[in-house]
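Number of protein chains: 2
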Amino acid sequence: MPKSALTVRSLEMKMGLLVEEDFGLKFTPLVVIELDKNANEEAIKWLVKRIWDKKEHGGAELMIEPFLMSSSDENHNLFLVGASTKRLLLAAEEIGIVKECEDGSMRAFTCSNRNMFKDFKDGGDSFFSMAECQYIIKLQLDSLRAINERIIPGYPQIKLYPGKSILRRLMSKGILVQYFPLHDKEELKKLSYSWYSKFQLSYQPLDDIRHYFGEAISLYFGFLEYLTFALIPMALIGIPYYLFAWEDFEKYTLFATFNLVWSTVLLEVWKRCCASLAYRWGTLIRKKEFEEPRPGFHGVLGINPVTGREEPVYSSFKRQLRIYLVSVPFVLLCLYFSLYIMMIYFDMENWALGYHEEEQSVWSSLVLFLPSIIYAIVIEVLNRIYRYAAEFLTGWENHRLESSYQNHLVLKVLVFNFLNCFASLFYIAFVLHDMKLLRQSLATLLITSQILNQIVEAFLPYWLQKRRNKKVHKKLGRTSMDKELPWAEQVKLEADMDTYLGTFDDYLELFLQFGYVSLFSCVFPLAAVLAVLNNVTEIYSDALKMCQVFKRPFSQPAANIGVWQLAFETMSVISVVTNCALLGMSPQVKSLFQESDTNLILLVLAVEHILLAFKFILMFVIPDVPKDIRTQLAKLEFESLEALKQQQTQRAAESLKEDREEFKLKAS
Amino acid sequence: MPKSALTVRSLEMKMGLLVEEDFGLKFTPLVVIELDKNANEEAIKWLVKRIWDKKEHGGAELMIEPFLMSSSDENHNLFLVGASTKRLLLAAEEIGIVKECEDGSMRAFTCSNRNMFKDFKDGGDSFFSMAECQYIIKLQLDSLRAINERIIPGYPQIKLYPGKSILRRLMSKGILVQYFPLHDKEELKKLSYSWYSKFQLSYQPLDDIRHYFGEAISLYFGFLEYLTFALIPMALIGIPYYLFAWEDFEKYTLFATFNLVWSTVLLEVWKRCCASLAYRWGTLIRKKEFEEPRPGFHGVLGINPVTGREEPVYSSFKRQLRIYLVSVPFVLLCLYFSLYIMMIYFDMENWALGYHEEEQSVWSSLVLFLPSIIYAIVIEVLNRIYRYAAEFLTGWENHRLESSYQNHLVLKVLVFNFLNCFASLFYIAFVLHDMKLLRQSLATLLITSQILNQIVEAFLPYWLQKRRNKKVHKKLGRTSMDKELPWAEQVKLEADMDTYLGTFDDYLELFLQFGYVSLFSCVFPLAAVLAVLNNVTEIYSDALKMCQVFKRPFSQPAANIGVWQLAFETMSVISVVTNCALLGMSPQVKSLFQESDTNLILLVLAVEHILLAFKFILMFVIPDVPKDIRTQLAKLEFESLEALKQQQTQRAAESLKEDREEFKLKAS
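Top to bottom, those sequences are chains B and C.
In terms of UniProt numbering, the first sequence is residues 1 to 668.
In terms of UniProt numbering, the second sequence is residues 1 to 668.
Treat the hints as calculated values from the structure; they're not laboratory data.
Just so you know, these numbers come straight off a predicted model, no measurement behind them.
Don't take every hint at face value.
Chain copies aren't distinguished; within one or between two, either way the pair holds.
[Said to hold, decoys possible] Cross-link-like lysine-lysine pairs, in silico, DSBU-like; alpha carbons within 30 Å at most: (1) Lys271 with Lys288; (2) Lys271 with Lys287; (3) Lys138 with Lys55; (4) Lys138 with Lys164.
Given these sequences and hints, build the entire structure.
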C-alpha cells in the first residue's frame, strides 16, 4: 500500500472516530468494500468522504475504516463499513422494513412506534439481524448519488451526472472491485449445525436461513423442500406401478390423472405456503421499492418522464426492434440448430446400431455408446455457449430495469434448455413411438443429469474451497484446521471466495427435474422416486455450498419465487397434453379401441380438454393467500384507512372552527 | 300527511336553516329520501337529526328538508338532501376522489392542495359534477351508523348495535322505501341531444355520460361501442364469405383463424382502452374503499377480526357447505334438466317432421313450427325461474360482501344461460353433424333474441313511461307535452319511475351475442354483421332507457368491467375449441383427408393447440395498461415515495438534533 494512502486514511479514521464519538456507539464492521489496488488516492478520499458524510450533505452517513493488514499482502485494498444503530433504524424506516409487533401482527417499522415492536429493546441494538443490517447498508451505498460532480475526482475521463449512482459507475469502470457482506462465523456454525450437520429427518430451519441469507435464498430452499415433500405421494404411488408393471388401462389412467391433478394442486398450494412465509418474513406487505436503472443500462442523457431527473434514456421502440428483429430470430435459429443436432444424433444412433449388428464385436458394442456420449457433450457445450449468447443479447437489448433484464434472460434460457433437454424425448415418444426407448432415455438423462449437477455444483467448489482454506492455514503455520482463523485472515479469505450468482441455476435445475417427472410420468413412474432422492441430497449439497463455498450474498427481499411460478405452471399444463397423448398411444389402450382409431383419439381429446378445464378451475378456486393472512392484510388496510379518516375529520373540524372565527371577526 | 308530522318537520326545517346560516350557503337538493308514509314520527325525527348532526357527534352533517307537496297527494313521504360545498370537499378528500390537476396529471383531491386542481375556482362550487356530489352524499348516508342506540326510536322491535348502518336497517325493515339522486333536466337534455337525438355517425360522448351517470355505466357504453367497432372487420370479411359461399378449405381456415386471433386481440386491447378511460376518469388510481357487509347479510353478533368491531359474523365453513352441498348440486340439476328439455325438443322436432311427411297438409306444415315455439317459450320461462332461484340461493349462501355475492350470482346465471342458449347449437353441430340446420338455428336464435331484447328492454318501458308522463300532464290540466313540469311534480314523477338494476342484464346480452358470433363464426359468417347492426340500435335504445325510462342511478366508480372481462375471455377460449372442431367436421375439409380420419383429427388437434398457445402468449405479451399511463402511474408512485423519504429525512435530522441537545444537557 503506498505511503500517502495511509496518511489519508488515518485522517479518514479520525473523521470516522469523530462520527463515532458523536453518536457514542461501537463500530461493528458489516460490509467490505474492495477497491482496485491501483485506485487513485483522490478518488478514494472522495468516496470515503461521501460515505461518512451527513445525509443532509448528500452522504450515506455510514462508518468506514480502512482494513489494515500485514504489509506482506499487497493484493487487497479493503475498507470496512458499518453504521450506528440509530442510522440503521432510520434507514430501516425509510426502506420500509417490516417487523413483528408485540401483538403478533406485522407492520412497517417506524422509529416513532419502535416500542410497539416485539424484539425492540436496549435502544434497538440487536433489533435487526446482521443480514438486515447488511442489506440496509447495501441500499445506502447504492443510493449514494453524484450531486454536482461531473467527473470522478482523480479520473477526469470518467463522467458523472447529477443523480448517477456513484458505486455503480465506479464498479463499471473497475475502480470498485466488489462489495460484499461479512460472514458471522458464530452464527454460521449454529446455522450449519441445525441445517445440514446433524443427520436426522427434520424440516429445514427456514427462519434461520432467512435470518442469515435473506428471503430470496430461503424461499428457494423452502420451495426445494416443499417440492420434495409434494413429490412423495407421486413417488409412493409410482413404486408399485414400477415393481408390478401394472400396465392395464384403468390403472394407468388413474395414475396419470392423479399426477396431473396433483401437480396443479401442489403448485397452487405452494402459492399459499409462499404467502404465509412471506407474511411471516415481512416481505408480503412491504412497499415496493422504486427500481433504479440497472448498472449496464446506457443511453443518451435525457429527462426521465417518471422522476423528472436527468438520466440516460433509451427509446423502448429501439429495444423492441432489437428484441423482435434480432433476439427472437436468433433464439429461433438456435432452437432449429439444436433440433438439427438432435436429428444427427438419431442418425448416428442408427448408424451405430447398424454397425454393431454387422460386426457383433466388443469394439462395435462400445461404439453403441459413442453417439450418446458425443450428444451429451455437444448438448452441454451448446448450453454453455447459448447461455453466454443469451446474456450478451439480453444485455445488448439494453433493458432499463434489472427485473425486465432478468425476465428476458430467463425466458431465453428456459426455452432453449427445455428444447435441449426434452426434444429428444419428444421425438422418441411422438415420432418413433418407442416407449421402451423413451423409458430408458428418460432414466439415463434424469440420473446422469442429477449426478453431474451435484458434482459440478457443490462438491467440486467445496473441494476447491477446502484446499484454499488449507493453504491459508499452512501459510499461518498452523497444523489443525479446527481452530478459527484470526479475524483479519478470515476477511481476506472471504474476499477471495467465489460469488454466489443467485438462485437462477438452482431453480433451472429444479424446473428441468419437474419436467422429467411430470411430462412423461405415466411412462416412467419411478421418476418421482429418483427426484425425491435427488432433492434430499440436493438440500444438503446446496446448504453446504451456501455456507462453505461462496461469499455471503447480500440478503434479497422476495415475496414469491417470481417468474418460476409461471414456468412451473406452464410445465404442468404442457404435461397434461403429453401425458394424454402418451396414454392414447400406449398399446394397452390401443388394444381396447381396435376397431377405430378415431374414437380413441376423440376420447383422449375429450379427457385432455376436461383435465385442462379442471386445472384452470382449480387454479381459480384455490385462493392464493390463506384466509388468516388475508384477514391480517385486510386489518392493516382497514387500520390505515381509519387513521386517515380520523386525521381528516380532525383537520376538517379545525378548519370549520377557523372559518367560524373568521366569520365572527368579519361580523364584529 | 298527519298534522303532527308537519310541526316536527318545520322544527327540522328551522334546524336545517340554522345549519345553512352557519355556513352561509345555498341549499341545492341532490338526493331524495322516501320514507314509508306510515313511518313513526319519532323515528323520522331521529333520522333527520342524525343526518344533519355534526360529524363529531356521529352525524352525516348534511342538509335535509321535508318535501312539501300539495295535500292531495298522500302517497309520498319525501325528504330532500343536500350538502354545503365545504362539506362536499371534505368528504371528497375522505373518500379519495381523484381529479385532474392543472398539469394534466390525475391526483387524489385534498383540501389543502385544492388550488392545484384544474377546475377549482370560486371556492369549489362547481368543482364536482352533480353525479359526484350525489355519490358523495350517498356514501355519507350509507356510513351513518348507530352509536349507542340499541333500537330504532319508535320501533322497539327493530334492534340496532353500535356500528350498524342505519339506512340499511331502515331499508330492510321497510321504513325507508328508497333513496335516489335527482335528475338534472337541463343537463339531461344536453346529454341526450349529443348522445342519441342527432342522427349522425359519431362516437358516444363517453365523458359526458360519465359526468352524468358515473363510471360503471359509462364503461358499459364504452365497451358496447368498442365491441361494435371491433366486430366491423369480422363483419366486413364475413360478407363476401356469405355472398359467394366461399367454402374451400384455405379460405375457411383463414377466416376462422382471423376471427380467433382477432377476438383475443380485441379483448386485450379493450383492457388497454379501459385503463385509459379509467385513468382519465380517476378511478384507476383511486384507493379501494373498505367494503361493508351487504344489506342482506345476517349472523350472530361477534367480533369482526379485521375491524375489531362488533358485528354479525357467519362462519365461512358453513357458507362453503351451503355452496358445495346445495348450490352446486342444484345448479348441476338445473343444467341436467335443461339438457333434458332440449332432448324432448329434438324428439318433438322429429315427431313433427314425421307427421308432416305423413300428412303433407297445411295443418301439418304449421305443426312443424310448434316445437320451436314451445321450446322458445319454455326456455324463456326456465331462464326467469332460474334467475329467481339463483338470486334466492346466492342470498341464502349469506355472503358478507356485495362483490362476492355478485360474483357467485353472475357465475350461476352465466353457466345456465350459456347452456340454455348454446346447448341446442352444440347438439346440432357435434351430435347431429347437420351444418345446414346449425346455420339456420344460429340465424333464427340470433335475430329473434336481438329483436325481443330491444322490445322488452327499452321500447316497452319507454312506452309505459310516456303514458305515465301523459297522465301527470293531464292531471295538471295541460295539453302540451313540451312544457316542463313544475319541479315538485318532476320529483314525484321520478320517485315513481322504475329503478335501474345495474348493468348485469346489458352485459349478459352482449356476452351471449359475443357467443353467437365467435363460437360458430366459421359456419355463419353473417353473425358479425347482424351483431354490428344490433349494437348500433342497442346503443340508441339503451341510451333512451337510461335517460327517459329509469330513475337516475347513483354513480358507481369502476376501473374495469370486472368479472365480464373474464367471462368474455373464457368465451373466446371455448370458441377456439368449437371452431377448430367445426372446421375439422366440414365436408370440404373431410374430402381432403379421405384416406384417413386420424390424420385429419391430429391436424385439427395440432392447430387447436397452437392457436390456444398463441392466444395465451398474446395475452401475456400485450401489456394491460398503455405505456403513457404506466409512466403516469409510476410518476405518482415515485412522488409519494420521495415525499415520504423527504419527510423522514427531515424527521431524522430533527431527532438527531434533539439527541445532541440532550447529550449536551447531560454533559453540562
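Structure-based check of all given hints:
no. : hint               : result
1   : Lys271 with Lys288 : both (19 Å within a copy, 24 Å between copies)
2   : Lys271 with Lys287 : both (19 Å within a copy, 26 Å between copies)
3   : Lys138 with Lys55  : within (15 Å within a copy, 48 Å between copies)
4   : Lys138 with Lys164 : within (16 Å within a copy, 50 Å between copies)
Figure legend: structure checked against the earlier numbered hints; every hint is met.
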